[in-house]
Each structure stands twice: as structure tokens, then as C-alpha cells.
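Be aware that the sequence shown starts at 1, since it is given in my numbering, and climbs by one per residue.
Please note that a few of the clues may not be correct.
Below, a list of computed lysine-lysine pairs in the BS3-like style, where the Cα atoms sit at most 25 Å apart [claimed, not checked]:
1) LYS308 to LYS194
2) LYS18 to LYS6
3) LYS164 to LYS397
4) LYS154 to LYS51
5) LYS432 to LYS29
6) LYS164 to LYS3
7) LYS194 to LYS18
For each label pair, taking beta carbons as the anchor points, the in silico distance ranges come out as [as the list claims (entries may be wrong)]:
8) VAL49 to ASP25: 24 to 30 Å
9) ASP87 to ASP117: 17 to 23 Å
10) ASN456 to GLY218: 51 to 57 Å
By construction, these hints were calculated from the structure, which means they are not laboratory data. Computed from a prediction, not measured in an experiment: that's the story for all the values here. C-beta: ideal position from N, C-alpha, C; glycine also.
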Amino acid sequence: MMKTRKGYPVYPLTAAQKFHLFYQDFCPKKEVLNIGTSLTIGADIDWDVLKQSVYKAIERRDSMRLRFARDKDGNWYQYVVEKEERDIEFVDFSNQSMEEAEAQMRKWTQVPFKREDSPMNRVVMIKTSDGFNGLYLLIDHMTADAQSLIGFLKDVIELYCHTKFENVPYPKEMASYIEQLQKDLEYEAGSKAKERDEKFFQDLIDNSTEPIYNGIRGTGQLEAERERTGNPNARAAINVSDSVDSALDIFHLEEEPTKRLLDFCEKYHVSLVCLLIMGLRTYFQKMNGNDDVSINTAIARRATLKEKRSGGTRIHSFPFRTIISEDKTFLEGIYEIRDLQNTYFRHANYDPVQYFAYRGRKYPYKNGETYEPMSLTYQPLTLQAKSLDDLGGIKYKTKWYPNGATTQAMYLTVMHRPEDNGLDFNFEHQVKAVSREDLEYLYYYLCKIMFKGTENPNLPIGDIIKLI
């Protein structure tokens, strides 16, 4: 007999959701799971049609109607309600400056959701003073990742355009979140696939030496850790501060240099994320003098069309370790990263919490210590969609709002800008752990490494480090 809540079938949490809950538990600021964004277009809006489009998009996407509750042992579970009854708010910012409007949206982003039996997103229709109008969306990370959030906004726009303009087709059907959830739960329940993935990651840990921490400013943190613990051979370090207060610093790479990087990727059949990892690991290699570099990388787990269109949160994050000597060429390094990435993709359904637990039993590092100075996510999906081209070149803008808290020292999300397809490097970082100057330095050298390497792919890494 299936358990129900309020008449709806209930399901356990997935590994991806537990991972979010896992770090929220450690965080005094519960808004750490909030994602806030706005999407506005440079045109007048028919607010009634927009409101109906929002309702329709929520109806089409079951993950937007997700609810959470606890059983009597305090364990969280989830269920999907049939429809959203709440009103879609409207806020007119047209008499306020853009700074004031954005400050208000930042405030909204820093209010945590109730979680128990309550909607896990908030949609506000906004009118702003720069002539752009649209939506602000706040969503809980347990119910969406960046890809499903962008997918939802895109759906709203396509539904709106279909109603308002001729020749704009009705958007394709969404896939079921519950169906993907059931697949994930079948996997978790001891499938052959899970056994294979577990074996892959355990072998990876068992057959390698202990990783080593590389700091953003060099070896100082590791040396301090060695002194503090009295262990001259310590290889892990604490890189977070005693405060989870965070800031979001964004660096913009223009359209033309972005295109050069993308052209390189196309020519050599590698993804941009391989190039980004190569750039970052080479930076840490330069700063710390180690060939051995680990950073956390996020894997979206959306290979099939159904996974792409099912909403929810599907990201798993694993340490990505490469040992690449300075006499190898830039291109050899990139190919090594690509091959390892491809292997990771095949096994990425494995639960990252179990990975960290297994690694923690093998190596003597303590709670709070880490080998990874940062996390990287690359977000290939953009709002540059066919339906938006049919609007006769209407301009639109997206903006992300920080929630003000992070449990990691530094988290880099690289995304394409909607207006010109250039890259935005979004660094969310603990203010007390990583400074704006640290990020400027890292970003400057990251770009130098990527451009020097893509222009001279057969140059040894050691030469690139010397030349920049």
C-alpha cells in the first residue's frame, strides 16, 4: 500500500536532494538553498496573458508543484499537488530606480521557504523603470537546478508568445518529474547500474594516492594547517571561514573572445567545461607548484530528452582530480580531462554523499578539511531560443540575485549572457574566506591561461605558466 499525504502519493528524496539538505543542515542561514533570478523583456506586457502563461507553465511542470513534509522520525519526503491555487503577485517598480528594484529582489532572495507543506517557489510579475518588464522567480534548490529554472522561464515566454503572436508554435510537452524520480529511486534501491558506479568511484579512490589541497593564493593555507596540526605531511586544509555570509562577484568576458574559446572547442571536439577545468587546474598548478590538482565539478545528469525536460534538481557534484605534468602540452592536458570527464558522466548517478563518506574513511582528514579549493559549474543552456527570435529582435535581460549565504569558500558558475552569448563568470564566495582581489587575480590568470593555451595548443604547460 503506497503512503499518501493529503491524498497524494509520497516519495523519498533523491540523492541530489539529500546532498542539498546535507549542507543546509550545517548552515545557520536557511536561505542557502534559494535561487533568485529575473527575466525581463524590452516591451509592453499583457499582464493577464503573462499571469495565465505562468499558471499554465506550473501546470505543465510537476516539479513546480512539489511539496515536502516529514514523517514521525523526522525524515523528509516529497509529493506533488495537483494544482497551484495561489495568486501570482504583481509589483510595479516603475517609480523606483533600478538599484532600488534590484535591492528589493535581493531581499526577496534572502527569505527562506517554510519547507513543510508549502510551495517551494515564488513568482512575481515585475514592471521596472528601464522599460523592461517580466518576471522575478525565486525557487528552492531542492526542487530545481539552474537548467530546470531556465527551462521553466523559457516555457512561460513560449506560452506567452504563442498566445500573443501569430506563427509562434505551442511549446513541446514537458516530461514528468515523478517518472524521473521513480527511475532515480529504482537506481538507488540496489540496481546493477548502481553497483557498477559504486565500484568505479571506490576503485578510483582505492587505486590512487591521497590528493593534495591547492590554495587560490598558493600554499599558505596548507602550510598553516600543517603547523596547526603538527603534521608536516598533511595534505588537506580548511578553506572556509567561520561565517557563511557570501557575496556574488561577476566578471564578464566579451562576445568576441568567448567566440574564440568556443571555436577552439569545436575544432578539437572538446566541451567548454574541459577548457575551463584545464584553465583552473593550470592556475592552481602555477600558484602551488603541484601537478596534482583537485576541484569539485558539477554534473547535470540530463543526457536524455526526458531528463532535460523533467525539471527538478539533478546535479551531482564530485571531486575531479587530474595529475598532469608541466612537460605535457596544453592539448594533451585537455584530452586527458575530456576522457576522465566522459568516464565520470557514465557513472554520475552515484550518490556524492556516499563518495565523500568513502573517501573520508580512507584518508585521515578531519571534518571541515578538504582537498578542493572550489567548485565549478558550467551552464550551457541559455534563453537564446528559437521562440525569442520570432519576436522581431525584442531585447531581454536576465539577472541572478545572491541569497547571501554559502557553505563553500568559492563556487564558480559560468553561464552565457542572453544579450550577446558572451560568458559571465559568477563567483559566489564566503566574504571572509575569499576576497574580491583574490577573484580578480584568479580570473585574470584563468583568461590568460585559456587564451595562451588555445592559441598555442602544442605548447607545454610549463611554458604557458612561464609566459603568462
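Going down the list of hints, with the structure as the test:
For the given pair, LYS308 sits about 21 Å from LYS194 by alpha-carbon distance, which is consistent with the 25 Å threshold. Among the hinted pairs, LYS18 with LYS6 is consistent with the structure: their alpha-carbon atoms are about 23 Å apart, no more than 25 Å. For the hint pairing LYS164 with LYS397, the CA-to-CA distance comes to about 20 Å; that is within 25 Å, so the pair holds. For the hint pairing LYS154 with LYS51, the CA-to-CA distance comes to about 14 Å; that is within 25 Å, so the pair holds.
A distance of roughly 16 Å separates the Cα atoms of LYS432 and LYS29; the hinted pair therefore holds under the 25 Å criterion. A C-alpha spacing of about 43 Å is found between LYS164 and LYS3, which places the hinted pair above 25 Å, so the restraint is violated. Taken as a hint, the LYS194 and LYS18 pair is honoured in the structure, with Cα atoms around 17 Å apart against an allowance of 25 Å. Look at VAL49 against ASP25: about 42 Å separates their beta carbons, and that is not inside 24 to 30 Å.
Hint check: ASP87 to ASP117, Cβ distance near 18 Å, so the stated range 17 to 23 Å holds. At roughly 25 Å, the beta-carbon separation of ASN456 and GLY218 lies outside the given 51 to 57 Å, and the hint is violated.
The structure is inconsistent with the numbered hints 6, 8, 10, although it conforms to all the rest.
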